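Listed in order, the protein sequences are those of chains A and B. With the numbering used here applied, the first sequence covers 1 to 260. With the numbering used here applied, the second sequence covers 1 to 260.
Since the hints were made in silico from the structure, they are not lab data. Model, not experiment: these values are computed from the prediction. Be aware that a few hints might be false.
The list makes no distinction among identical chains, and a pair is therefore deemed to hold if it is satisfied within one copy or across any two copies.
Unchecked claim - Once the Cα atoms are required to be at most 16 Å apart in a straight line, the calculated EDC-like pairs of lysine to aspartate or glutamate come out as:
(1) K196 / D122
(2) K188 / E158
(3) K59 / D84
(4) K196 / E208
(5) K151 / E213
(6) K101 / D84
2 protein chains.
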Amino acid sequence: MSLNFCFIGAGNLAFHLAKALNSKGFQIKQIYNRTESRAKELAEITGSVYTSTLNEIDKSTDIYIVALKDSAIDEVLSQIDFSDKLLIHCSGSQPISVLNKYAKNFGVIYPLQTFSRSREVDFSNIPIFIEANSPENLAILKNVAGTISEKVLVAESEQRQLLHISAVFACNFVNHFYFIAGELLKTKNISFDVLKPLILETALKVQELQPIEAQTGPAVRFDKNIIEKHLSKLADTEEYRQLYELISKSIFEHHKKTNG
Amino acid sequence: MSLNFCFIGAGNLAFHLAKALNSKGFQIKQIYNRTESRAKELAEITGSVYTSTLNEIDKSTDIYIVALKDSAIDEVLSQIDFSDKLLIHCSGSQPISVLNKYAKNFGVIYPLQTFSRSREVDFSNIPIFIEANSPENLAILKNVAGTISEKVLVAESEQRQLLHISAVFACNFVNHFYFIAGELLKTKNISFDVLKPLILETALKVQELQPIEAQTGPAVRFDKNIIEKHLSKLADTEEYRQLYELISKSIFEHHKKTNG
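All chains, full assembly: derive it from the sequences and hints.
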């Protein structure tokens with residue numbers, strides 16, 4: 001395939017996706033970003049031209065990948081004429097239909113992963129969910145996504161939205177609990193470092209076991225003594241106390257259901 | 001050192017700790033467990049005798065490691081005469097002082113990790129927190145723990161209790177969110193497997209970055225549109241909706257503090 005790409009938006013997802021496509025031989029012709037320095041940074045890595053001006057976007061590109069905050073999509077896309085080119089968004093929460101008014105050929109590429117600028121990511125094992133407005137466009141996306149990942153799956157908009165919510169629980173909320181755990185340790189001058197092996201093992205366990213089998217701790221043992229002690233210890237921080245109580249109850253209820 | 005050990009309790013922690021000590025050349029003389037089959041299983045691995053009868057516990061052992069549910073500690077220990085032997089508990093939540101009435105020499109060994117029967121664990125990088133009733137006993141525990149782990153730290157009871165609460169957030173609650181994420185996917189017939197690379201990367205990120213730097217997703221971007229959409233999608237499951245709202249608010253508040 002000699003398809004070439006333009007990225008509209010140069011945030012963390014675009015940054016890693018453009019690099020991954022480029023490393024597989026796809027030409028990244030152009031990077032647009034409202035803040036020029038970010039467009040420039042990525043363009044230098046992928047050998048592309050860059051711009052922060054919407055009407056400088058090259059009209060002859062094969063595939064336009066929109067990686068913008070959901071709230072910016074409409075404002076940006078309404079200023080570009082995509083003619084019969086293929087327009088792709090990468091949002092978990094936006095249905096494919098939001099692209100309908102901007103292009104004749106459109107689709108979605110949604111890689112289920114958390115992207116930070118400073119972390120290299122290996123796309124080969126990242127599940128990529130695709131959707132398109134026609135079987136022909138779906139075939140193109142399957143090919144493109146298939147060059148960077150071994151796990152390309154078709155998901156319609158409703159499924160994708162649920163994938164996004166699941167990812168918020170399994171990643172963003174999980175990371176927030178790492179944060180809370182670290183904040184608690186700070187009060188006794190203990191370094192976050194001591195939690196790292198526990199955090200890693202917790203994630204490694206569910207690579208093999210189902211989470212319900214992997215669960216340990218006071219809530220799953222119905223150890224009310226410990227739970228009461230912990231709650232009284234957290235009494236000074238109502239936010240943490242409330243979370244502790246609510247989630248312990250949730251663990252308790254779901255394991256009760258499972259066990260009997 | 002030619003110290004030998006008796007384990008009182010053969011749960012998941014005892015199972016892995018006894019194996020680790022045994023693999024470093026310590027003799028595990030005896031395993032007691034109320035359910036004999038569990039004592040037998042571990043005893044066969046560590047070349048020990050086993051019993052489910054408290055008055056058969058060997059009085060001549062150097063170190064007794066109590067790995068019981070907190071609520072069972074008093075009932076079991078009050079039936080054993082430890083004389084001047086060293087009595088150790090492994091509980092995050094029990095202060096060292098609970099052992100005072102059962103022995104003259106006592107202490108705590110608390111490995112900060114989640115243990116499941118079916119998962120091998122590498123003790124060498126697990127932080128082990130120790131405490132003892134005398135400098136002499138602390139030195140013994142430092143030696144014992146130091147043979148299986150490179151990270152032996154002294155922590156008093158108050159610190160250990162906080163370590164335990166932190167571990168509940170960073171492990172048990174995290175695992176419950178893996179569970180919830182999987183339950184959500186089930187409603188659309190999507191396999192839990194698709195979350196595995198995301199779960200692993202989320203844990204790997206905080207091995208290098210602080211959680212506050214690693215955070216991504218709608219809450220940290222203050223993306224109210226997506227949050228509202230997700231909440232309405234979760235409206236049928238009040239439990240998940242409430243958790244989503246509470247934690248998004250918590251992420252929002254803590255990042256507001258940090259950024260401004």
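Quick rundown of the hints versus the structure:
1. K196 / D122: between (21 Å within a copy, 14 Å between copies)
2. K188 / E158: between (45 Å within a copy, 9 Å between copies)
3. K59 / D84: Answer is within: at 10 Å inside a copy they meet the 16 Å cutoff, but 85 Å across does not.
4. K196 / E208: between (19 Å within a copy, 9 Å between copies)
5. K151 / E213: The answer is neither: 26 Å in one copy and 28 Å across copies each exceed 16 Å.
6. K101 / D84: Classified as within: same-chain Cα gap 12 Å, cross-chain 82 Å, threshold 16 Å.
In this structure, only the earlier hint numbered 5 is contradicted, and the remaining ones agree with it.
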